[in-house]
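Chemist: Starting from the known structure of chain A, arrange chains B, C and D on it as the hints suggest.
Residue numbers (this note's numbering), protein chains in the order written: chain A, 5 to 288; chain B, 5 to 288; chain C, 5 to 288; chain D, 5 to 288.
It should be emphasised that the hints constitute simulated quantities derived from the structure, not laboratory data.
Do not rely on the hints blindly, as some may be mistaken.
If several chains are the same, the list does not tell them apart, and a pair holds so long as it fits within one copy or across any two.
As the list claims (entries may be wrong) - Here are the simulated DSS-like pairs of lysine-lysine, each with C-alpha atoms no more than 30 Å apart in a straight line: (1) LYS255 with LYS20; (2) LYS11 with LYS255; (3) LYS64 with LYS21; (4) LYS64 with LYS159; (5) LYS65 with LYS142; (6) LYS263 with LYS187; (7) LYS159 with LYS187; (8) LYS159 with LYS142; (9) LYS21 with LYS255.
4 protein chains.
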Amino acid sequence: YGKNTIKFLRLHKEGKKHFVKEVEVCAHLRLTSPQEYLEGNNSLVIPTDTIKNIVLVLAKKNGIPSLEQFAIDICNHFMTTFCQVAYVKTYVQEVPWQRLHEDGVPHIHSFICVPDGIRFCEAEQCRNGPLIVFAGIKDLKLMKTTQSGFEGFYKNEHTTLPERHDRILCGELFCKWSYGECKDFDFDCIWKKIRECILEAFAGPPDCGEYSPSYQKTVNCIQMLVLSRVSQVQVIEVVLNNTFYNVVDMKNLGLTNDKEVLVPVEAPYGSCACTLGRKKFFEA
Amino acid sequence: YGKNTIKFLRLHKEGKKHFVKEVEVCAHLRLTSPQEYLEGNNSLVIPTDTIKNIVLVLAKKNGIPSLEQFAIDICNHFMTTFCQVAYVKTYVQEVPWQRLHEDGVPHIHSFICVPDGIRFCEAEQCRNGPLIVFAGIKDLKLMKTTQSGFEGFYKNEHTTLPERHDRILCGELFCKWSYGECKDFDFDCIWKKIRECILEAFAGPPDCGEYSPSYQKTVNCIQMLVLSRVSQVQVIEVVLNNTFYNVVDMKNLGLTNDKEVLVPVEAPYGSCACTLGRKKFFEA
Amino acid sequence: YGKNTIKFLRLHKEGKKHFVKEVEVCAHLRLTSPQEYLEGNNSLVIPTDTIKNIVLVLAKKNGIPSLEQFAIDICNHFMTTFCQVAYVKTYVQEVPWQRLHEDGVPHIHSFICVPDGIRFCEAEQCRNGPLIVFAGIKDLKLMKTTQSGFEGFYKNEHTTLPERHDRILCGELFCKWSYGECKDFDFDCIWKKIRECILEAFAGPPDCGEYSPSYQKTVNCIQMLVLSRVSQVQVIEVVLNNTFYNVVDMKNLGLTNDKEVLVPVEAPYGSCACTLGRKKFFEA
Amino acid sequence: YGKNTIKFLRLHKEGKKHFVKEVEVCAHLRLTSPQEYLEGNNSLVIPTDTIKNIVLVLAKKNGIPSLEQFAIDICNHFMTTFCQVAYVKTYVQEVPWQRLHEDGVPHIHSFICVPDGIRFCEAEQCRNGPLIVFAGIKDLKLMKTTQSGFEGFYKNEHTTLPERHDRILCGELFCKWSYGECKDFDFDCIWKKIRECILEAFAGPPDCGEYSPSYQKTVNCIQMLVLSRVSQVQVIEVVLNNTFYNVVDMKNLGLTNDKEVLVPVEAPYGSCACTLGRKKFFEA
Numbered sequence: 005y006g007k008n009t010i011k012f013l014r015l016h017k018e019g020k021k022h023f024v025k026e027v028e029v030c031a032h033l034r035l036t037s038p039q040e041y042l043e044g045n046n047s048l049v050i051p052t053d054t055i056k057n058i059v060l061v062l063a064k065k066n067g068i069p070s071l072e073q074f075a076i077d078i079c080n081h082f083m084t085t086f087c088q089v090a091y092v093k094t095y096v097q098e099v100p101w102q103r104l105h106e107d108g109v110p111h112i113h114s115f116i117c118v119p120d121g122i123r124f125c126e127a128e129q130c131r132n133g134p135l136i137v138f139a140g141i142k143d144l145k146l147m148k149t150t151q152s153g154f155e156g157f158y159k160n161e162h163t164t165l166p167e168r169h170d171r172i173l174c175g176e177l178f179c180k181w182s183y184g185e186c187k188d189f190d191f192d193c194i195w196k197k198i199r200e201c202i203l204e205a206f207a208g209p210p211d212c213g214e215y216s217p218s219y220q221k222t223v224n225c226i227q228m229l230v231l232s233r234v235s236q237v238q239v240i241e242v243v244l245n246n247t248f249y250n251v252v253d254m255k256n257l258g259l260t261n262d263k264e265v266l267v268p269v270e271a272p273y274g275s276c277a278c279t280l281g282r283k284k285f286f287e288a
Numbered sequence: 005y006g007k008n009t010i011k012f013l014r015l016h017k018e019g020k021k022h023f024v025k026e027v028e029v030c031a032h033l034r035l036t037s038p039q040e041y042l043e044g045n046n047s048l049v050i051p052t053d054t055i056k057n058i059v060l061v062l063a064k065k066n067g068i069p070s071l072e073q074f075a076i077d078i079c080n081h082f083m084t085t086f087c088q089v090a091y092v093k094t095y096v097q098e099v100p101w102q103r104l105h106e107d108g109v110p111h112i113h114s115f116i117c118v119p120d121g122i123r124f125c126e127a128e129q130c131r132n133g134p135l136i137v138f139a140g141i142k143d144l145k146l147m148k149t150t151q152s153g154f155e156g157f158y159k160n161e162h163t164t165l166p167e168r169h170d171r172i173l174c175g176e177l178f179c180k181w182s183y184g185e186c187k188d189f190d191f192d193c194i195w196k197k198i199r200e201c202i203l204e205a206f207a208g209p210p211d212c213g214e215y216s217p218s219y220q221k222t223v224n225c226i227q228m229l230v231l232s233r234v235s236q237v238q239v240i241e242v243v244l245n246n247t248f249y250n251v252v253d254m255k256n257l258g259l260t261n262d263k264e265v266l267v268p269v270e271a272p273y274g275s276c277a278c279t280l281g282r283k284k285f286f287e288a
Numbered sequence: 005y006g007k008n009t010i011k012f013l014r015l016h017k018e019g020k021k022h023f024v025k026e027v028e029v030c031a032h033l034r035l036t037s038p039q040e041y042l043e044g045n046n047s048l049v050i051p052t053d054t055i056k057n058i059v060l061v062l063a064k065k066n067g068i069p070s071l072e073q074f075a076i077d078i079c080n081h082f083m084t085t086f087c088q089v090a091y092v093k094t095y096v097q098e099v100p101w102q103r104l105h106e107d108g109v110p111h112i113h114s115f116i117c118v119p120d121g122i123r124f125c126e127a128e129q130c131r132n133g134p135l136i137v138f139a140g141i142k143d144l145k146l147m148k149t150t151q152s153g154f155e156g157f158y159k160n161e162h163t164t165l166p167e168r169h170d171r172i173l174c175g176e177l178f179c180k181w182s183y184g185e186c187k188d189f190d191f192d193c194i195w196k197k198i199r200e201c202i203l204e205a206f207a208g209p210p211d212c213g214e215y216s217p218s219y220q221k222t223v224n225c226i227q228m229l230v231l232s233r234v235s236q237v238q239v240i241e242v243v244l245n246n247t248f249y250n251v252v253d254m255k256n257l258g259l260t261n262d263k264e265v266l267v268p269v270e271a272p273y274g275s276c277a278c279t280l281g282r283k284k285f286f287e288a
Numbered sequence: 005y006g007k008n009t010i011k012f013l014r015l016h017k018e019g020k021k022h023f024v025k026e027v028e029v030c031a032h033l034r035l036t037s038p039q040e041y042l043e044g045n046n047s048l049v050i051p052t053d054t055i056k057n058i059v060l061v062l063a064k065k066n067g068i069p070s071l072e073q074f075a076i077d078i079c080n081h082f083m084t085t086f087c088q089v090a091y092v093k094t095y096v097q098e099v100p101w102q103r104l105h106e107d108g109v110p111h112i113h114s115f116i117c118v119p120d121g122i123r124f125c126e127a128e129q130c131r132n133g134p135l136i137v138f139a140g141i142k143d144l145k146l147m148k149t150t151q152s153g154f155e156g157f158y159k160n161e162h163t164t165l166p167e168r169h170d171r172i173l174c175g176e177l178f179c180k181w182s183y184g185e186c187k188d189f190d191f192d193c194i195w196k197k198i199r200e201c202i203l204e205a206f207a208g209p210p211d212c213g214e215y216s217p218s219y220q221k222t223v224n225c226i227q228m229l230v231l232s233r234v235s236q237v238q239v240i241e242v243v244l245n246n247t248f249y250n251v252v253d254m255k256n257l258g259l260t261n262d263k264e265v266l267v268p269v270e271a272p273y274g275s276c277a278c279t280l281g282r283k284k285f286f287e288a
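Same shape as in the complex, but just chain A (with noise of 0.2 Å):
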């Protein structure tokens, strides 16, 4: 197979507003036959840059009315398009800008780029199967100061990590679903929904927070608190690297630190990782 990645930026404007997305495509084919592998035969290829140039016409003809519409655009243009391509995959991604605020007054025309998770979907067909559509958030990082902790695991000669029952839960989140039969999806709006989701489950109620008894309970809460309030989402898969912080021991230079100075262990980092579906539990 082949892939490649494509940048670029489409503006659009009503009356004197400016809209703009900037947005890495991703595209991932693979042909009928694998003759240029073997023969070195070109004649089915369908090269990097024809490819390129294909993604940047849909742009300017369609837009990018959302990011997974215009994934489908991409799929269905090279399936409809090339008779030889057995297997198409789109992955678009967005740079995050954000329209500029002035004391309250949006901007018309300025933007300040605004990396608090990045959203990404995918879309992909094979011939004469269904198009599935993806959609997620990365990069997504996330701290509880306290109502965490992990204890009751397992112990032999090997253990030498100290239960905890109040410590800080920290990591970069990165979450995938899947929608099922696509029909007419307001892409942004869910994709907003399932990130006020994943930060209620993340962080508990406001005024108290809720209790983690591991990164594991909290990647399990998040699945399920978005498979009950979204009912497009088929299938939610979430990992969650954390970052651990020790509470810094100052006994020998004569100090009590109540967990108020920490430093981050960056060595073993973790990382768990769930995949969550509507009927069937598999875990990977």
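Modeler: This is chains B, C and D only, laid out in the frame that chain A set:
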């Protein structure tokens, strides 16, 4: 000289509400004698490990009232404690944790990382010299989709750039300023005010913007606005790392692209910088 | 599942001569029950900290005879020690320290880091399943300045790429292969032999090279040569991330540029990949 | 001022043998008047695009006989062509392509990237001032597994570091030197000689090494050896970014770890630097 980097988290509570600062501190010492370099005599050397302990102990004892005050505290500690220190510089940078909100309600202990411009400061002092404090913002990415051009530049036989009166202005901004005599400044408040000035000078009025004839002039506008609005700033340096976007030529694809689809040009990558003071102008 | 990364250094001496291996180990476990996700019951969970201790203890006791043997040792330990482990995968990657030489004389304890292709391996096992070992090389950057072209590809209205019979072929190579039944393989020796095959197939004979009609065909040549020369390899995957170079058009600068000055094209960035086995061909 | 970065490849042939240099050039100009900043008057501004064209044209016409000569050529061009240029600095850095060898036979057109220390240089000139040339090496990672300690350092109540007489010395080296009057220097030959001096001073004799009482003393040894062996070097700056390794305490795991298993300590991360000239010593 020697320097080193220490990352840590400082937590404190007011009632049930948690506050968090995660910082990266870089301390830079020069000793009165270079004997450890020339003779391998370590008797005056303050080990990295000791410097780390001092920074952590100061954070524990004083907290981090503001980045600037913490940097000042560290400088003062080294100057008053170690007579072999000839010069000390402290750099403090913040991880941009922001309190989470649920339906507008602030969460008592949950935070999200929002890196839309990183705050930093520096304090430096030579023995018997004044303590000088700098503050700044970096990694602030901004874009204007119109009201920017570049015309009337110098031309010769190596010129191929066309004049443009409606291009994209996009870049990553670095801004650093020095304070004069630091009395009881409200460093947090001043920093926020300067950030607003930068955004305002970059973008212009929200309903129409302001035409920028060059990256250089935009840099100057930012400096002038900060100096006029914030009396505590003595000297201000601005560096703007430009990202250029080219309108894709779609003629050979049979289309007219009216500044709708643009691609970033990764090389050459340009940058312009200027340092501006209150009375005296110096360009470096 | 959970995974985590551990970095460490393993030293040993033979007489006065020092040997060093610095590795990054990533262990990946799946338990027989997902109860920690669903119920917050941690009683079967093996903490990251324990996994780190086990890896370090195994390194201390057994050393790192080869990356592959070390990965096998870790898998075996988890499978035989913890009956709650359903699946284990271990990834081991090496920091490429090489012994320093002075005028051809090897130094007994000094090393230089030479990252011209990073060696890694993987071992994985399901409970009651076979132990499977993979090895590979990554971040290997290669260039041919001639004997490469791309012609006869599929064309339609979106094609703008000209045919070329003398271009630069440049890319970053990733290669991973699986071993069959691992008897007493000399993993170090086999790895070096495969690296030589890759370089030979990429470059062709030293006096004239060999024409490459596409990145895809070069990928296939590498696979075929490895499979024909190294009988222990069962399946081999190659990914080539291409860097394209364009000859700079200097006509409007009054010069003819005969493939003397070229600039890298950063987007679109292409990649081609293929997996080839002994009897069966599968392209993914 | 303005600066920008240009990446390109320069090929040339001698008979059938190909030679390649891939470089990154950064040119930095300051004009005699800041009118483009203050008044938005662009009439003296040399666009980034023009600078790129000039660099590429010079590479096409003169080739890149050595990095230093190419940097000198660029400076000369700007000073003699543009009377509005008050100052020019050119930085040139090389991508470390090395010719491939098969069984000791050099390949005529195939190369491998071997980043074991990156070569760079700088040339700078003020109008009516001398042309000054610097050269250097960066990203050179070195390790000594013994013959290094750190003892007799300053101690007070914040000291927790134990004295050590057999630690690992590991770091990333940056080294930059200036040449005096640049006559017809063989820059390639001098650079190789200095690289050898660095390695020799770092490692000591191959059969026994040489004891290092501190990172600082090792920095000084490197400087002294270069100054004594290479008469063309006027001033030499060395920065050593240290990576510390801690022997893992395995007592609570029932094992004695005799400096066999060590983990890198990522924070605090230290660095020491020194600049040494021929007659005058200055430490900064």
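Chemist: The structure should be examined with respect to each hint, and the outcome stated for every one.
Modeler: Here's how the hints hold up against the structure:
1. LYS255 with LYS20: Classified as between: cross-chain Cα gap 26 Å, same-chain 64 Å, threshold 30 Å.
2. LYS11 with LYS255: between (53 Å within a copy, 20 Å between copies)
3. LYS64 with LYS21: within (18 Å within a copy, 46 Å between copies)
4. LYS64 with LYS159: So LYS64 and LYS159 pass the 30 Å test across copies only (21 Å; inside, 60 Å).
5. LYS65 with LYS142: Within one copy only: 29 Å inside a chain, 37 Å across chains, cut-off 30 Å.
6. LYS263 with LYS187: neither (51 Å within a copy, 32 Å between copies)
7. LYS159 with LYS187: Neither. Shortest intra-copy (50 Å) and inter-copy (34 Å) distances fail the 30 Å Cα cut-off.
8. LYS159 with LYS142: neither (33 Å within a copy, 37 Å between copies)
9. LYS21 with LYS255: between (60 Å within a copy, 27 Å between copies)
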